[in-house]
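Here the protein sequences line up with chains A and B, keeping their order. Per numbering that gives the first Met the number 0, residue 0 is the first one in the first sequence, and the count goes up by one each step. Per numbering that gives the first Met the number 0, residue 0 is the first one in the second sequence, and the count goes up by one each step.
Keep in mind that the hints were calculated from the coordinates and are not lab data. Fair warning: there could be bad hints in the mix.
Listed below are several chain B residues computed to face chain A (Cβ distance under 8 angstroms; list not exhaustive) [as the list claims (entries may be wrong)]:
hint: 1; residue: GLU7
hint: 2; residue: PHE11
hint: 3; residue: LEU14
hint: 4; residue: THR17
hint: 5; residue: VAL18
hint: 6; residue: ILE24
hint: 7; residue: ALA25
hint: 8; residue: GLY28
hint: 9; residue: ASN31
hint: 10; residue: TRP33
hint: 11; residue: ALA34
hint: 12; residue: GLY35
hint: 13; residue: VAL38
hint: 14; residue: TRP51
Yeah, the Cβ is synthetic: ideal placement off N, Cα and C, and Gly gets one too.
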Amino acid sequence: MAAVDHAAHPPVANQSSRVDARTLGMFLFIASEIMLFGSFFTIYFFVRVSAGTPWPTPPYQLPVFVAGMNTIILVTSSFTMHWALQAIKRGNRSGLKAGLVLTFLLGLTFLLTQILEYSRIGFTPHTDAFGSVFFGLTGLHGAHVFVGLTLLAFATIRAFRGHYTEEAHHGVEIPGIYWHFVDVMWIVVYTTVYIL
Amino acid sequence: MPNPLRSEGEAFRFLLGTVVYFALIAIAGVINAWAGLVVFIVLTIAVVWWWWSSRQPAPPRQATSIRGGAPGEKRILVIANETVGGAPLLDKIKERASSSEDTAKVHVVSPALNSPLRHLASDEDPARAAAQERLERSLRKLKEEGIEASGEVGDGDPLQALEDALRTFGADEIVISTHPEGRSNWLERGLVTQARERFAVPVDHVVVDLGDAS
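Model the full assembly from the supplied sequences, consistent with the hints where possible.
Written as structure tokens, this is what we have:
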């Protein structure tokens, strides 16, 4: 009986030499997120422009200043995220850790401030169409911040456990892309919902 | 325009651009709603114009020159898709192999041709299986003709497949087999010209018309 060769490991997975599978996964995820946000913005424009709902419905007021401060906090967190990645690319582990911790804390501050504002804003999603759209859009974004914070928490824990090197830092790069996407979406939400 | 989410650095720059874009619109909109609209239109046109003007073809990359063969050995790298079994290609390989006293070694690359959608979804298994089948047929044919040949399934992009193959098989010359002009997607994309620009070894082009051959 002929001997049969058994591989000691599963066959090597084919990987395209042009698109990194992990980055591609994040592209596709973000593409689906853009479509999700797009559907919420469609509702927003319908309610505000087509239906002509006053924005905000009197007598309510939107916390523009606090949300503006929150915007600054979130944009700052993108700078610290970028700093963290630049630090590990140069082999600076302390910079990586400090950058990730600061990013996490700034993101957490943003989320807690938003929750605090929700409790004091004076209307609810049940109030009217304006309330539903406001909480829908900002809440959707808040959920994304929560997901981003979870990713950042993993990256931070791994950084403190000695993971990541100058060459291997995908675990920071991918959450970084997602975090910047969350910030971009907030800029759009803040400008359209609070300012204009 | 590069994908703004290709890397963290590019995503960060995209964020900064977004901040500036929306800040200008918001400032103008707060001053006057029509001014906001005008700024929005002007900025959007500027962004589209910048994107359009930055869409230039990428310059050819530096030619790859890797010589890995032993002395007295002639190494021929062949890339072909469906036309791998065509008689003109086999004749060309035999001609190139017998053109000197050196021992000829042929390496065949069979690219895993795939649709863009399947490629994007990393669904490459059927394309690789088909390419593997073509490769095996091709190697059998070459063996029947008495030519020592090895082979591999390559990337769906023929230029990338050639570059990958050159990393491990230092070729003295490259033979590219295509369909006739008008039916060849590779010729339409300028594959032969690009290969000559990129690789520092002679590139020979063979047209195989399977319709004629059959």
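Comparing the hints with the structure gives:
A least Cβ separation of about 4 angstroms between GLU7(B) and chain A falls short of the 8 angstroms threshold, and the interface hint therefore holds. With 8 angstroms as the threshold, the beta carbon of PHE11(B) comes within range of chain A, its nearest partner Cβ sitting at about 5 angstroms, so the hint holds. Using the Cβ-Cβ criterion of 8 angstroms, the hint placing LEU14(B) at the interface with chain A is satisfied: the shortest such distance is roughly 5 angstroms. With its C-beta approaching chain A no nearer than about 5 angstroms, THR17(B) sits inside the 8 angstroms limit, and its interface hint holds.
At its closest, the beta carbon of VAL18(B) sits 6 angstroms from a beta carbon of chain A; the interface hint therefore holds under the 8 angstroms criterion. Against a cut-off of 8 angstroms between C-beta atoms, the interface hint on ILE24(B) holds, since the closest Cβ of chain A lies about 7 angstroms away. Of the supplied interface hints, the one on ALA25(B) holds, with its beta-carbon coming within about 5 angstroms of a beta-carbon of chain A, less than 8 angstroms. The restraint placing GLY28(B) at the interface with chain A holds, with a minimum CB-CB distance near 5 angstroms, inside the 8 angstroms limit.
Hint status for ASN31(B): violated, given a least beta-carbon distance of 12 angstroms to chain A, over 8 angstroms. Because the closest C-beta pair between TRP33(B) and chain A is about 13 angstroms apart, greater than 8 angstroms, the hint is violated. For the restraint placing ALA34(B) at the interface with chain A, the shortest Cβ-Cβ distance is roughly 12 angstroms, beyond the 8 angstroms limit, so the hint is violated. With its C-beta approaching chain A no nearer than about 7 angstroms, GLY35(B) sits inside the 8 angstroms limit, and its interface hint holds.
Given hint, VAL38(B) at the interface with chain A, is violated; its Cβ is 11 angstroms from that chain's nearest Cβ, farther than 8 angstroms. The restraint placing TRP51(B) at the interface with chain A is violated, with a minimum CB-CB distance near 22 angstroms, outside the 8 angstroms limit.
Taken one by one, the earlier hints fail for this structure at numbers 9, 10, 11, 13, 14, listed in ascending order.
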